[in-house]
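Novice: The lines below spell out each chain.
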Amino acid sequence: MAAPARNHVWVGTETGVLKGIDLVKKQASNYTEISSLDRSQEVNAMCFGDPQESEVLLGCRDGTVRVFNTEKSKFTELHECRGGEGVFRGLGVLDNALVTCVESGLLKVWKEGSNENLEVQVGPGVEKMRLCDAQRHKVGTGGKENQLKIWDLQRPEEPVFRAKNVRNDWLDLRVPEWIRDLGFIPESDKVVTCTSYHQVRIYDPCSPQRRPVLEVLFDEDPLTALSITPDGRSVVVGNSHGNMGVIDLRKGRLLCVLKGSAGSVRSIQCHSSMPVVASCGLDRFMRLHSLTDKKLLHKVYLKSRLNCLLLTSRDKWEEEELTPVMADEVKEEEEDEVWKKMETVADKSSSKKRKEAQKPDVVDATTRNTSKKKKKAV
Amino acid sequence: MAAGKNSESGGEKKGKKRKSRTPEGNHEPDGSGEQPGGTGEQQPAAAFPPAFSVSEIKNKQRRHFMFMKLKMEKRKEKLALKKKRKKEREALGDKAPPKAVPKTIENQRVYDETTVDPADEEVAYDAATDEFAPYFNRQTTPKILITTSDRPRGRSVRFTEQLSSIIPNSHVYYRRGLALKKIIPQCVARDFTDLIVINEDRKVPNGLVLSHLPDGPTAHFKMSNTRLRKEIKRKGKEPTEHKPEVILNNFTTRLGHSIGRMFASLYPHDPHFIGRQVATFHNQRDYIFFRYHRYIFKNEKKVGIQELGPRFTLKLRSLQKGTFDSKYGEYEWIHKRHQMDTNRRKFHL
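Chains A and B, in that order, are what the protein sequence lines are.
The opening residue of the first sequence carries number 1 in full-length UniProt numbering; numbering runs sequentially from there.
The opening residue of the second sequence carries number 1 in full-length UniProt numbering; numbering runs sequentially from there.
By construction, these hints were calculated from the structure, which means they are not laboratory data.
Please read these numbers as outputs of a predicted model, since none were measured by experiment.
Honestly, I wouldn't trust all of these hints.
[Stated by the list, open to error] Straight-line Cα separation of at most 20 Å, EDC-like style, residue types lysine to aspartate or glutamate; simulated pairs:
1) A:Lys164 - A:Asp189
2) A:Lys74 - A:Glu103
3) A:Lys299 - B:Asp341
4) A:Lys299 - B:Asp112
5) A:Lys190 - A:Glu119
6) A:Lys299 - B:Glu231
7) A:Lys26 - B:Asp112
8) A:Lys144 - B:Glu90
9) A:Lys26 - B:Glu113
10) B:Lys327 - A:Glu220
11) A:Lys190 - A:Glu220
12) B:Lys78 - B:Glu90
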């Protein structure tokens, strides 16, 4: 166990086990002692400690944050992050400080070595708190009867953006709110949320409109998790009946449905560059789908109900087994050479090629005919 | 089987090489005796024109006639083969090879990776701390509320009564148009541990919701083939109030394990063996058959059983985490027909 754990997927379970899955070797291993299990260690939130993914942080039910070091493959630190009521609804890292948010709406920034922790009240019934990947001090929160708010942790007095509920319905009744998950669209200020009332909504803090700029309905059951695809053009959502769909963010169309889950989806994460998406949920399976052809690539049974999941941002999974830390520069140079060697292709030649490509078929057919004739003659 | 093979190969080569084959057959006493008979049976089949097809006959009457004839022939052949095999087996006596096990979709079952291994610590821990743990640790005793859908008709009412007679400490309540979500907090306040709701469609019970209290899970079953006590032939006398024994059969996967625990927690611990009553939940091909029997040991070897009824069949539709909340509840497992029932040899329980 002392060897560095280079797993592709980390999964936190309801029984408090941290599991790592190596998708190339097709191995799943537990990193928590079975004998020391306790339901109070149920993992409610997870995040990577640093961009190199050498640490995995687990927010447990008992109000502690455990730090798992992947290089040493063991738990190294334990932070007491009690405060507020309820379980962790979000966990993040901001310049060596921990950001936690609990159900009752207390968002705290725990700086190491100082007693003065930043506290922000984000309103009761929080279901999700998420840090923006691009601007780390930007935080989004939302929950049951708690509209989307975006906070700047450098100026925590007032939210940067406070969403407004949609207009009353045709009976002039207030539309209930229940945000279950949210995500920041990369390279823009927009935020996507999904709700228990099966809506996917996009908010644009830049526009003067505080109401959602786009609303899409997916299926008929509460949406529980969401993740934005690496190109930022679509979002993968999962619901409590185990249906997952990919929704286009520009027109709000349903692109495809990812099949396979039998139970509620608890967590979804897209890879940062490859077109794959990992999901886990109450049916005790971790699944990896391809986004290009919506096929199920991997399906791993993990024995406990799974709460949250982290997918590594490393790419080229097969190669890294052979060359663990080989420099990327070499590859780039090689690629450049390849590009230089390549001749520029004009349109005409390509059309010729196409013709040529068609010809062999014809030849084949003729040869086949002749062969048949020969057979007949024989 | 060795003798049978010899005879077939002899039949193919039709006599020419029979002489060379016979010495081989002589090693076994009956092999040579069988051979001529074997070839004799093979010949008519071989003489049949190969390209002939009954469906090519244009005249309908004639075609029908020929088809019936063909069918008869096939049947005769099959019977003859069967007879022959039986003869061979008898001739071989003790040396006969063991009979082949018939292929069924159950023994050809696709391997399920969630099959529970009793030595697995993690699953054991998961099971030991789940919602049924208080029952299995003997901290709670089952107390069950049985109710129906709103305005039940005759059969459902009688069914609930009979159900309550075979589940100790169960109480039948009239639904009174109450919502399940309103009933559940009241049940929890009155220390009920389970809630059973019988749904009906056109006077036929067709659904069963089984909810464990106070915090789930909730299972939804399709119910079919309900037989009340009156409709069962050769039934015994009314069941007594003794605590019955419970038999749970074939709940092997992780999901089946949870469902099995759910059924087990309906009945109290420490059955009264003096009552000689058994409740059986038998899972076969994902259908759960419920039977209620009284048994008697006639002597050391023989056991007599007598069905007491009622009987019904259940099929799991969904398992939901938490108490009944069909709209905002999270499902642990839902039966999705078009995605899951693609293979007849795949079972979930």
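Novice: Hint by hint, say whether it matches the structure.
Specialist: Hints, verified against the model:
Straight-line distance between C-alpha atoms of A:Lys164 and A:Asp189 comes to about 17 Å, which keeps the hinted pair within the 20 Å bound. As the CA atoms of A:Lys74 and A:Glu103 are separated by approximately 29 Å, the hinted pair breaks the 20 Å bound. A threshold of 20 Å between alpha carbons decides the hint, and for A:Lys299 with B:Asp341 the separation of about 18 Å falls inside it, so the pair holds. A distance of roughly 12 Å separates the Cα atoms of A:Lys299 and B:Asp112; the hinted pair therefore holds under the 20 Å criterion.
Pair hint A:Lys190 plus A:Glu119 does not hold up; C-alpha atoms about 25 Å apart against a cutoff of 20 Å. Our distance criterion of 20 Å between C-alpha atoms is broken by A:Lys299 and B:Glu231, whose separation comes to about 47 Å. Distance restraint check for A:Lys26 and B:Asp112: the Cα-Cα separation of roughly 17 Å lies within the 20 Å cut-off, and the hinted pair is therefore satisfied. As the CA atoms of A:Lys144 and B:Glu90 are separated by approximately 77 Å, the hinted pair breaks the 20 Å bound.
A distance of roughly 14 Å separates the Cα atoms of A:Lys26 and B:Glu113; the hinted pair therefore holds under the 20 Å criterion. Simply put, B:Lys327 and A:Glu220 have alpha-carbon atoms about 9 Å apart, close enough for the 20 Å limit, and the pair holds. A hinted pair counts as satisfied when its Cα atoms are at most 20 Å apart, and A:Lys190 with A:Glu220 does not qualify at roughly 25 Å. Restraint check for B:Lys78 and B:Glu90: satisfied, since their Cα atoms lie roughly 18 Å apart, inside the 20 Å limit.
The structure is inconsistent with the numbered hints 2, 5, 6, 8 and 11, although it conforms to all the rest.
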